[in-house]
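Student: Spelled out, the chains give:
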Amino acid sequence: MTRLLLFLTLVMAQPLVAQTALPPAPYADRQLDDPAQEKKAHELMLTIRCLTCQSQSIADSNASMAADLRSQIRERIAAGEDPEAIRAWLVERYGDWVSYAPTTAPILWPLWAAPALLLLGGGALAAARVRRRHSSKRKAG
Amino acid sequence: MDEAAAESGGMRRGFILWLPLVLFLGLGGLFLHGLLSPESRTIDSKMVGKPLPAFALPAAASNRPGLSTPDLTQGKPRLLNIFASWCVPCAAEAPQLMALRQAGARIDAIAIRDARGDVDRFLGRWGNPYQRIGLDARSAVQLALGSSGVPETFIIDGRGRIVHQHIGDIRAEDVPDILARLRAAQ
Numbered sequence: 001m002t003r004l005l006l007f008l009t010l011v012m013a014q015p016l017v018a019q020t021a022l023p024p025a026p027y028a029d030r031q032l033d034d035p036a037q038e039k040k041a042h043e044l045m046l047t048i049r050c051l052t053c054q055s056q057s058i059a060d061s062n063a064s065m066a067a068d069l070r071s072q073i074r075e076r077i078a079a080g081e082d083p084e085a086i087r088a089w090l091v092e093r094y095g096d097w098v099s100y101a102p103t104t105a106p107i108l109w110p111l112w113a114a115p116a117l118l119l120l121g122g123g124a125l126a127a128a129r130v131r132r133r134h135s136s137k138r139k140a141g
Numbered sequence: 001m002d003e004a005a006a007e008s009g010g011m012r013r014g015f016i017l018w019l020p021l022v023l024f025l026g027l028g029g030l031f032l033h034g035l036l037s038p039e040s041r042t043i044d045s046k047m048v049g050k051p052l053p054a055f056a057l058p059a060a061a062s063n064r065p066g067l068s069t070p071d072l073t074q075g076k077p078r079l080l081n082i083f084a085s086w087c088v089p090c091a092a093e094a095p096q097l098m099a100l101r102q103a104g105a106r107i108d109a110i111a112i113r114d115a116r117g118d119v120d121r122f123l124g125r126w127g128n129p130y131q132r133i134g135l136d137a138r139s140a141v142q143l144a145l146g147s148s149g150v151p152e153t154f155i156i157d158g159r160g161r162i163v164h165q166h167i168g169d170i171r172a173e174d175v176p177d178i179l180a181r182l183r184a185a186q
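As you go down the protein sequences, you meet chains P and Y in turn.
Under the UniProt record's numbering, the first sequence has 71 at position 71, and the numbering climbs by one with no breaks.
Under the UniProt record's numbering, the second sequence has 59 at position 59, and the numbering climbs by one with no breaks.
In isolation and in its complexed conformation, chain Y is listed as follows (with noise of 0.2 angstroms):
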């Protein structure tokens, strides 16, 4: 063996002597990260780009029709809204709803697992900028729409179909984003 070679065999050697420590801290170094990043909560519906699901609800409150899909493509972009009575941040989001009203947008709503006297209440004290709520007491209409929680809006466009998902309560900053999808979805 001539010192060349004897020097490359030794420096293969220290190579994968050392892999496994490599290996290790790689792994250690991804599981870390992955403990401490936040972990992310929001779960996107695929139902975005895809029509509608058929569905017909009756009336969750008691001086608001039901609604049902034929009501949502009318020719014209809507919200829809996925709210409860008993769901904190949708009272939250109630001021931005009735901004988003005042300027034009016309909001449909579907109350999740909710009674009608509850629903009631609950426009009584924060406003209704609903023009038809539908009452989905076992959360049906809300897994056929791929929507994981309370409160969250959708935008329809006019032939039915959907085109934006806003998970979470509509914030102050987040109106005119809602306002501008809503225009862009005529």
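Looking at chain P on its own, in the form it has when it is part of the complex (with noise of 0.2 angstroms):
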């Protein structure tokens, strides 16, 4: 009795707060058949920004909008887009921000040169240690 009561309770059991009661986009949370396609798919998955849980990306997001978004990059890849394709599309639509992968925009240009700069920097700084010691040794000798 107490196990059917346990059974019940699981078959029944709604998560509290849905977000909505509509089933999820086909390809949500399905696999393409294409092994390749479903690959590029992911990759694309990783690197786009959860509109409803900032901090995640849709491939780990189990946000409703995330789903469709999942099935909807799935869709689109399956009918032979590129994903590079897709992230402009939607970079188009929410800026920057929906996307993870760095760009070369030129705002970005310090963020690249830093490590060149300060590799550069800590080098003239060795070197110039290393002369001053030879210097004051030979004074020294």
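Any given hint might turn out to be false.
[Stated by the list, open to error] Quick look at which bits of chain Y chain P covers, simulated, 3 or more residues with Cβ under 8 angstroms:
{"#": "1", "stretch": "44-50"}
{"#": "2", "stretch": "113-125"}
{"#": "3", "stretch": "134-143"}
{"#": "4", "stretch": "146-159"}
[What the hints assert, rightly or not] Far from chain Y, some chain P residues (derived; all Cβ distances over 10 angstroms):
{"#": "5", "residue": "30"}
{"#": "6", "residue": "31"}
{"#": "7", "residue": "32"}
{"#": "8", "residue": "33"}
{"#": "9", "residue": "34"}
{"#": "10", "residue": "81"}
{"#": "11", "residue": "93"}
{"#": "12", "residue": "102"}
{"#": "13", "residue": "103"}
{"#": "14", "residue": "112"}
{"#": "15", "residue": "117"}
{"#": "16", "residue": "131"}
{"#": "17", "residue": "135"}
Hints listed in this document are in silico derivations from the structure and should not be mistaken for laboratory results.
We put the CB at the ideal spot given by N, CA and C, even for glycine.
Starting from two chains that each stand alone, build the complex the way the hints lay out.
Tutor: This is the structure:
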């Protein structure tokens, strides 16, 4: 009896704060049959930011809007669209915000240059140190 | 080495010694500011200023027709409300939409991830300010509009161009501003 009751409660369980009563879109949580296409779609999903849970990619998010976008991405890639074209389509609507992939926009040039500049600065500092130590040794010797 | 040169060298070394601490404190302050300042959660649509994307949606309610792009390019500015029957703030903004309707605004709507029975019940309970309601079962038009949630309200000018986006529920104090923008979109 307890088992039956437990089974029934499990079967009837509904999420308390469901966002919507509709079933998920067809390809929200179903992989494409072609593994190459699925790989392309999944790689894109990992770099598209969820609009509802803003610190997650749509690949990780359970939000219904992310599910709809996953399904749309899979369907568009299955139809032969290029992943970067889909990214551009989304950026056109939501701005750079929606993409986790770094771009080469001029505003990011300092960021790209930072490692090289830091390396150069560090190298110059080290070279100056070494030269000073040499010259002080020579003076002492 | 004369005294002045020695002094300036010492000052320079002193500056370099303090530099890492200054940088550390600066970065620490920046991170702390980023952590403590409230997160901005609104994502503006970049479609504002652009023409509406082409779409054709079936009817979401049993007593209102569906919605497609040509319905929104009839020469008169309109409000396009993005809502859903499962969305609580959408019910909260219902009286404001009614007030806008009574003030002469033409309002169409798109119901997101919804079902006809639920939309009918929602409108029966909170009132129906809409002329047309399209059903966007898979958020496709919502994504095409650059809308990131419900409720949102777009102002569309007579030629079908998006001129304004209101994110979140319309409060009573927002109504005059929306009416003014609607008039300006003539």
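Student: Please confirm whether residue 32 of chain P is truly not at the interface, meaning its C-beta sits more than 10 angstroms away from all C-beta atoms of chain Y.
Tutor: 17 angstroms, holds
Student: Would you assess whether residue 131 of chain P, listed as outside the interface, keeps its beta-carbon beyond 10 angstroms of every beta-carbon in chain Y?
Tutor: 15 angstroms, holds
Student: Okay, the stretch 44-50 of chain Y and chain P, do three or more residues pass the C-beta test at under 8 angstroms?
Tutor: It holds, with 4 qualifying residues against the three required.
Student: Does the claim that residue 103 of chain P lies outside the interface with chain Y hold up, using a Cβ gap greater than 10 angstroms?
Tutor: Answer for residue 103 of chain P: holds, closest chain Y Cβ roughly 15 angstroms.
Student: Compute the least Cβ-Cβ separation between residue 112 of chain P and chain Y, then decide whether it is above 10 angstroms.
Tutor: The assertion about residue 112 of chain P holds, with a minimum of 19 angstroms to chain Y.
Student: May I ask you to check that residue 30 of chain P keeps its beta-carbon over 10 angstroms from the closest beta-carbon of chain Y?
Tutor: Nearest chain Y Cβ is 14 angstroms from residue 30 of chain P, so the label holds.
Student: Taking 8 angstroms as the C-beta cutoff, is the stated coverage of the stretch 146-159 of chain Y by chain P satisfied by three or more residues?
Tutor: holds (count 3)
Student: With a cut-off of 8 angstroms between beta carbons, are at least three residues of the stretch 134-143 of chain Y near chain P?
Tutor: The restraint on the stretch 134-143 of chain Y holds, since 6 of its residues have a Cβ under 8 angstroms from chain P and three suffice.
Student: Per the stated criterion, does the least C-beta distance between residue 31 of chain P and chain Y lie above 10 angstroms, as a non-interface residue requires?
Tutor: 18 angstroms, holds
Student: Counting residues of the stretch 113-125 of chain Y with a beta carbon closer than 8 angstroms to any beta carbon of chain P, are there 3 or more?
Tutor: Coverage by chain P holds here, the residue count being 4 at a Cβ distance below 8 angstroms.
Student: Does the no-contact call for residue 135 of chain P survive, Cβ to all of chain Y over 10 angstroms?
Tutor: 13 angstroms, holds
Student: Determine whether the non-interface label on residue 81 of chain P survives the test: each CB of chain Y must be over 10 angstroms from its CB.
Tutor: 14 angstroms, holds
Hint compliance for this structure: hint 11 alone is broken.
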